[in-house]
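2 protein chains.
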Amino acid sequence: MKIIHPVLTDGQWRPARNSIGSFRAVNPATGEELADFYPISCLADIEDALQAAQYAVPGLIKTPPEILADFLDLFAERILAHHDDLVETAHLETALPKEPRLRLTELPRTTDQLRQAAAAVRNRSWCRATIDTKTNIRSKYAPLGGPVAVFGPNNFPFAFNAAAGGDFAAAIAAGNPVLAKAHPNHPATSRLFAEIALECLKKCRLPLAAIQLIYHLRPEDGLKLVSHPLLGATAFTGSRSAGLSLKEAADKAGKPIYIETSSVNPIFLLPGALSERADQIAVELFNSCSMSAGQFCTKPGLVVFLRDENGERFLAMIKKYFAQPQPGFLVSRTVLEGIKTALKAMVDHGAEIVVGGTEQEGPGFRFANTLLRVSGDVFLRHSEEFEREAFGTVSLCVLAKNEEQALEIAAALEGSLTGSIYSETQGNDDALYARLEPILRLKVGRLLNDKMPTGVAVVPAMVHGGPYPAAGHPGFTSIGIPASLLRFASLRCYDNVRQDRLPPELRDKNPTGKMWRLIDGEWTQKDI
Amino acid sequence: MKIIHPVLTDGQWRPARNSIGSFRAVNPATGEELADFYPISCLADIEDALQAAQYAVPGLIKTPPEILADFLDLFAERILAHHDDLVETAHLETALPKEPRLRLTELPRTTDQLRQAAAAVRNRSWCRATIDTKTNIRSKYAPLGGPVAVFGPNNFPFAFNAAAGGDFAAAIAAGNPVLAKAHPNHPATSRLFAEIALECLKKCRLPLAAIQLIYHLRPEDGLKLVSHPLLGATAFTGSRSAGLSLKEAADKAGKPIYIETSSVNPIFLLPGALSERADQIAVELFNSCSMSAGQFCTKPGLVVFLRDENGERFLAMIKKYFAQPQPGFLVSRTVLEGIKTALKAMVDHGAEIVVGGTEQEGPGFRFANTLLRVSGDVFLRHSEEFEREAFGTVSLCVLAKNEEQALEIAAALEGSLTGSIYSETQGNDDALYARLEPILRLKVGRLLNDKMPTGVAVVPAMVHGGPYPAAGHPGFTSIGIPASLLRFASLRCYDNVRQDRLPPELRDKNPTGKMWRLIDGEWTQKDI
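Order-wise, the sequence lines are chains B and Y.
Note that our numbering has the first sequence beginning at 558, numbered continuously upward.
Note that our numbering has the second sequence beginning at 558, numbered continuously upward.
Check the hints yourself; a few may be wrong.
In this list, chains with the same sequence are indistinguishable; a pair is considered to hold if it fits within one copy or across any two.
Straight-line alpha carbon distances no greater than 20 angstroms define the calculated SDA-like cross-link-like pairs of lysine to any residue that follow [stated by the list, open to error]:
| id | residue 1 | residue 2 |
| --- | --- | --- |
| 1 | K1071 | K1083 |
| 2 | K691 | A676 |
| 3 | K619 | R992 |
| 4 | K691 | V1015 |
| 5 | K809 | A799 |
| 6 | K1083 | Q1056 |
| 7 | K1066 | E752 |
| 8 | K897 | G914 |
| 9 | K759 | H939 |
| 10 | K809 | R797 |
Keep in mind that the hints were calculated from the coordinates and are not lab data.
The structure displayed is predicted, hence computed values, not measured ones.
Using the sequences and the hints given, assemble the complete structure.
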């Protein structure tokens, strides 16, 4: 008998209501469907979850920060206790290598994120308590008043998982319930996280509807979710087309939505850097492009350098790297098809394939490492066609005819998460850097020097965001705690409110003795 | 000969290009058109201004904060030097009283805002420099990379003027050029500000396209402006219908937009407060409703209390206040028609007019002070119809049959800028307060105790914003410096960037010795 996994609603695992069908995940290393069936939820599941979350909202607002922080820490601890299960399951569903990727990199990053979120909750400074003593006006960031829908992406089954990743941690830490919409590529991994989370909610006596899980939605129901009156906000990481249509629906309903969709992450290699250390840069570039089979939002998709002797030599060098190894598995057939579509568009518009360009014979989903080249002239004619994100070890080299053209290329770019400039160490590229930087700076959220953009450190100063369309709003980041919490917060002001009615963070006495507050224009840890 | 005033583009006063017509402002005290003609700009003016602003963008980014601050201070000073002219002109165009309103309240507030913005620029802490020394990742808020379109409202010719008000000050202080779209009710006032601003830009040697001015746009051209690829962001204060259609266009183009449209600002009078000090509350309420003829975004439009003896007595009391004086002038015929439309809808749905309800005989635009009443039952049946903002001394009393119903009314409300709760001073309302507060708290940006919401203090903790539809995003405020600057800023991260290439705020040495920075998780004024 076909058993369909239940969804998690209001602390109960129960069958999806009027489910409109089911699906199975696929093992990307074999291309075969896995055994378990998961439901495609319809509006009834969404509404049940949103109704339940309504009751969790005041519960979470009243929860002392210490308890919320304990929950996040406990969740991290319990995830580690289940790490074998998680790694096995995620490997089966994504074909990402167990080591180092899943076990040694992504799982520790995930638990670290939860712990950083716990620390931010305990510290309380994230809410930016601002107090004017003269007028007795006080304000701070506070929970939204409705749950956050988190749509997890296909490429990070742990660190961006809808039920355990960065958006999840930020939304919970800011005091909001989460309605997790798993990525249908890895339902079992998501289910494991939700099971562990539920156990921890119970232990910490938090509202059980603080974390709920559904697995899959028809696109039209996704639109209904993100625009629902009971929803607080949405975090979406995934494809540009899905992200933009969700954004349109949410915007229209006045619901905040943070999308992180596609990014080509341009790399500019200045002439001095190439003549100084082409070998080293080639290694860095190939590693950054091929890490996790190129399935990172920060993978360098576009490399710009001059079409001179050094440039051609560099291209030949990276060609060798791209040609060598077997490519890794892609997480899904969709990713593989996405590469084909992007390549076809680039080739149709005048790019040449230098190496690769073909699907690998089965089993599983693999595509040859692919390097393309195009002249600056051709690029500038159809720049939008060459800025298509292709997950996978795929990169386009743009050979500019001179420095002016390299600057024009920078000026033509869309918004990206990151942009890197490699320059010579002795100052020989400084004049060109000074002209390029002001142009590229406005196009990217994170500007790097002499460094590839993959490997996103989870530190307070990190910005994983950027100008549209890399992100929906340039003033937020999805990575970097505590800043990432601000996406899921409302500014709330108290004017002439009596001391005992204020939230503890805004009372005269500093609630922890250590929380940073902006009192009469000065950051301080003192009481009033 | 009919002379049409020029627009301000790229530092030049020049005739509007292909203007699609002209308009004249109206003196609201007489209903007659004033002498001067102003152009209705078309897309050509918008594009000229946006192109010119492109060159001002890098210029402003490079401008040392001290110079930008000097400009804002000088602008404040020069506005004061021209105060007679400004007050006379604004009085003619808006019929707002010269004293105290224009001369003693609004003009000082406007120059104070500019000076606070100057202080924020000098202080630099607004940009929230965040530095992780271990990873050498550094980030801060920075200008958007495109100009900010500021649409000024009809009710504050100074403090929200597109070319001198709060949004203007915040956008410039954050380092962005401003394209001011004057409110067509007061073009001459806006022109005066832009003339003074241009003179100050020249004195401070700032890019002259940093401030440009147009007077009027067809709605379809407004949509093109807010969604234009060269635009940075939009700030709009005005009607809900215009605000929402601009928001839709801007959202679709991925351009940040901050709208502040309508708000009913509910006042809850708890039973103990009414039995303790009904007289005093009645005076406060009437003053708050009638100040500036009720044309404040924070005017109390909805007053909720119990339908008992005290409640009826209170209603009789405020009825007397509303009945007494002559109403002030409204700023336009549109405002007057807006009152009629709102009243008709409320009466059609079952509200009764207690006093007022009629247009006053001319000359000029006046509407009788109007008080309405409706039962809680009827209110709850059509709450959206009773939450129509009506500029003017118009307020609706909702008489709840019991405490439960008062809570239901709070739960039914849309988002508002403010919400006030009056409670008894000896604790007799505390139980009800504790039930009401969590509901009302989520509906408003600013929650007040025992205080009316008009009279918005410009202090760092102020929040002038709130849940949709009071504002477009609950995490921002349009009043309160430095927080209001964050609307016009992008988060920009520097990863492994060499010291001398970093903006001064992110270098090891604190650029002012006093700027607050978040270094390795601690707020500090120290160097690294």
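Hints and how they fare:
For the identical chains of this complex, K1071 and K1083 are neighbours both inside a copy (8 angstroms) and across copies (18 angstroms), given an alpha-carbon limit of 20 angstroms. For the identical chains of this complex, K691 and A676 are inter-copy neighbours only, at 19 angstroms across copies versus 32 angstroms inside a copy, given an alpha-carbon limit of 20 angstroms. Taking identical chains as interchangeable, the C-alpha atoms of K619 and R992 lie at most 20 angstroms apart only when they sit on different chains, with a minimum of 13 angstroms there against 53 angstroms within one chain. In this assembly of identical chains, the alpha carbons of K691 and V1015 lie at most 20 angstroms apart only when taken from different copies (12 angstroms versus 39 angstroms within one copy).
In this assembly of identical chains, K809 and A799 lie within 20 angstroms of each other by CA distance both inside one copy and across copies; the values are 16 angstroms within and 14 angstroms between. Within a single copy, K1083 and Q1056 get their C-alpha atoms as close as 17 angstroms, which meets the 20 angstroms cut-off; across copies the closest is 33 angstroms, which misses it. Taking the shortest Cα distances, K1066 and E752 never come within 20 angstroms of each other, neither inside one copy (39 angstroms) nor across copies (48 angstroms). Proximity of K897 and G914 under a CA criterion of 20 angstroms is satisfied intra-copy only: 8 angstroms inside one chain copy versus 68 angstroms between copies.
Taking CA atoms no more than 20 angstroms apart as the test, K759 paired with H939 passes in neither setting, with 55 angstroms inside one copy and 40 angstroms between copies. In the homo-oligomer, the alpha carbons of K809 and R797 lie at most 20 angstroms apart both inside one protomer (18 angstroms) and across protomers (13 angstroms), since each shortest distance falls under that limit.
When held up to the earlier numbered hints, the structure conflicts with 7 and 9 and fits the remainder.
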